[in-house]
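Full structure from sequences and hints, please.
Protein chains: 2
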Amino acid sequence: VRVAPRSATFIALSGLPEVQRGADLAALIESAMRAQSLSAQTHDVFVLAQKIVSKAEGRTVALARVTPSAEAQRLAAVTRKDPRLVEVILSESEAVVRAAPHVLIVRHRLGFVMANAGVDRSNLSADATEDEVLLLPSDPDGAAARLHRELTERFGVALGVLISDSFGRPFRRGVVNVALGVAGVPALIDRRGERDRRGRALEITEVAFADALAAGAALVMGEAAESTPVVLARGLDLSAPASDGRSLLRPLGEDLFQ
Amino acid sequence: VRVAPRSATFIALSGLPEVQRGADLAALIESAMRAQSLSAQTHDVFVLAQKIVSKAEGRTVALARVTPSAEAQRLAAVTRKDPRLVEVILSESEAVVRAAPHVLIVRHRLGFVMANAGVDRSNLSADATEDEVLLLPSDPDGAAARLHRELTERFGVALGVLISDSFGRPFRRGVVNVALGVAGVPALIDRRGERDRRGRALEITEVAFADALAAGAALVMGEAAESTPVVLARGLDLSAPASDGRSLLRPLGEDLFQ
Numbered sequence: 210v211r212v213a214p215r216s217a218t219f220i221a222l223s224g225l226p227e228v229q230r231g232a233d234l235a236a237l238i239e240s241a242m243r244a245q246s247l248s249a250q251t252h253d254v255f256v257l258a259q260k261i262v263s264k265a266e267g268r269t270v271a272l273a274r275v276t277p278s279a280e281a282q283r284l285a286a287v288t289r290k291d292p293r294l295v296e297v298i299l300s301e302s303e304a305v306v307r308a309a310p311h312v313l314i315v316r317h318r319l320g321f322v323m324a325n326a327g328v329d330r331s332n333l334s335a336d337a338t339e340d341e342v343l344l345l346p347s348d349p350d351g352a353a354a355r356l357h358r359e360l361t362e363r364f365g366v367a368l369g370v371l372i373s374d375s376f377g378r379p380f381r382r383g384v385v386n387v388a389l390g391v392a393g394v395p396a397l398i399d400r401r402g403e404r405d406r407r408g409r410a411l412e413i414t415e416v417a418f419a420d421a422l423a424a425g426a427a428l429v430m431g432e433a434a435e436s437t438p439v440v441l442a443r444g445l446d447l448s449a450p451a452s453d454g455r456s457l458l459r460p461l462g463e464d465l466f467q
Numbered sequence: 210v211r212v213a214p215r216s217a218t219f220i221a222l223s224g225l226p227e228v229q230r231g232a233d234l235a236a237l238i239e240s241a242m243r244a245q246s247l248s249a250q251t252h253d254v255f256v257l258a259q260k261i262v263s264k265a266e267g268r269t270v271a272l273a274r275v276t277p278s279a280e281a282q283r284l285a286a287v288t289r290k291d292p293r294l295v296e297v298i299l300s301e302s303e304a305v306v307r308a309a310p311h312v313l314i315v316r317h318r319l320g321f322v323m324a325n326a327g328v329d330r331s332n333l334s335a336d337a338t339e340d341e342v343l344l345l346p347s348d349p350d351g352a353a354a355r356l357h358r359e360l361t362e363r364f365g366v367a368l369g370v371l372i373s374d375s376f377g378r379p380f381r382r383g384v385v386n387v388a389l390g391v392a393g394v395p396a397l398i399d400r401r402g403e404r405d406r407r408g409r410a411l412e413i414t415e416v417a418f419a420d421a422l423a424a425g426a427a428l429v430m431g432e433a434a435e436s437t438p439v440v441l442a443r444g445l446d447l448s449a450p451a452s453d454g455r456s457l458l459r460p461l462g463e464d465l466f467q
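In order, the protein sequences belong to chains A and B.
Just so you know, we're using the numbering used here here: the first sequence kicks off at 210 and counts up by one.
Just so you know, we're using the numbering used here here: the second sequence kicks off at 210 and counts up by one.
Certain hints may be false.
Here are the computed lysine to any residue pairs in the SDA-like style, where the Cα-Cα straight-line distance is at most 25 Å [as the list claims (entries may be wrong)]:
hint: 1; chain 1: B; residue 1: 290; chain 2: A; residue 2: 402
hint: 2; chain 1: A; residue 1: 290; chain 2: B; residue 2: 402
hint: 3; chain 1: B; residue 1: 290; chain 2: A; residue 2: 290
Honestly, the hints are just simulated from the structure, not real lab data.
Written out as structure tokens, the structure is:
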């Protein structure tokens with residue numbers, strides 16, 4: 210029987226510099242931990258906003274260099290977005306789920322169903338040109354796995370890494386953060402076979418643990434000028450088998466709500 | 210400028226007894242806090258699993274007393290569920306969103322799009338009869354508001370209350386907790402007009418703060434035999450205007466993903 214932990218704490222890491230292309234995120238995180246007099250403990254999880262991973266990967270695109278296709282121009286008219294931005298979004302997508310004024314929901318080439326393929330204009334560095342946009346990391350699970358190795362080596366304890374982004378949801382208003390890339394953390398926990406107090410099988414069979422962790426971390430992460438893009442989560446039960454961010458994607462054709 | 214808090218902590222309250230019909234939840238929470246040597250602080254939020262609120266309200270239904278309608282029998286055949294259970298689900302619903310083998314997604318009469326209208330067979334009290342099921346609280350926002358008044362009076366500080374349940378999601382696997390009823394907490398935060406580091410308007414306009422809070426609390430709440438149905442969240446920034454759980458429901462016809 211797994212016993213739920215009594216408490217968990219989310220700590221925003223302050224003092225991270227603006228992340229530049231080629232930045233060593235593990236080194237920046239180690240410095241920020243030291244500056245905050247924090248030492249890593251076994252089962253700590255570092256939750257990173259996807260933007261700093263994308264910035265370190267240099268995933269910016271200058272719209273001035275983009276030539277929109279006919280399809281991008283058509284969708285730009287429908288969505289009232291910049292045709293060059295729509296071209297970039299389409300280049301990151303495998304299907305358009307919904308296009309309407311100010312709304313462009315796609316299935317990202319990595320499987321995420323999300324607005325604008327995660328392409329974002331805000332929170333670029335202070336010296337970015339006005340028309341630069343930022344794509345998602347090229348491989349969030351791969352980036353999480355690499356950071357997991359690097360941070361585990363730097364700190365010498367078993368850690369988890371999660372790369373998160375904010376998503377809108379069908380049926381409910383507002384964004385919540387979810388996990389894009391995961392390493393060293395049980396992203397999806399299979400609870401089949403577990404029992405309630407009466408010994409009856411739980412009706413819930415799978416728990417999106419990494420999405421809950423991303424959502425909780427966002428409570429101290431912030432979105433705006435005061436944003437702290439790395440949050441340390443401490444005290445969590447990571448005893449279930451680790452899985453990656455892809456395990457959270459419902460396969461096409463399995464969607465229960467359509 | 211609102212400054213994100215540096216840290217937030219989720220503490221599971223242990224030692225709550227099985228909740229019976231008519232139970233005084235505020236009194237039970239106060240006792241559990243005292244037993245755990247915790248005193249409430251301003252802006253603490255109590256996150257309750259909906260099950261204990263429903264149990265206190267006596268929202269159980271004995272399936273032996275239910276006569277399924279023709280529509281319930283038809284849907285039971287499609288979903289391979291007990292026709293009496295389907296009848297109870299339909300009695301709580303205003304529309305069926307999806308019916309398939311082992312799947313019955315509805316729009317609950319309160320507006321939640323969810324599986325089985327939240328009707329649950331697990332985690333009933335040890336002396337429940339085998340065929341009893343538990344409905345959602347009759348008015349989660351009303352229950353949250355009443356608990357908010359009672360707990361604020363007992364503890365003498367400004368608190369928040371959130372009643373949560375686990376929901377499946379379109380497009381993503383696994384359940385996460387969301388907020389059904391909210392009082393004293395900014396359920397949905399309007400961030401229009403806020404700026405990023407460069408002074409550019411944020412692309413995100415609404416943050417589902419209470420859903421993130423419910424998700425984070427579930428990390429220490431547990432689902433099974435060891436479940437602790439009340440979690441104390443401490444350290445959150447509750448400075449945005451309070452709103453209720455209903456504010457998180459996307460109005461019919463406004464859904465962006467369909």
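Structure-based check of all given hints:
1. B:290 - A:402: holds, 19 Å
2. A:290 - B:402: holds, 19 Å
3. B:290 - A:290: violated, 46 Å
In this structure, the one hint that does not hold is number 3.
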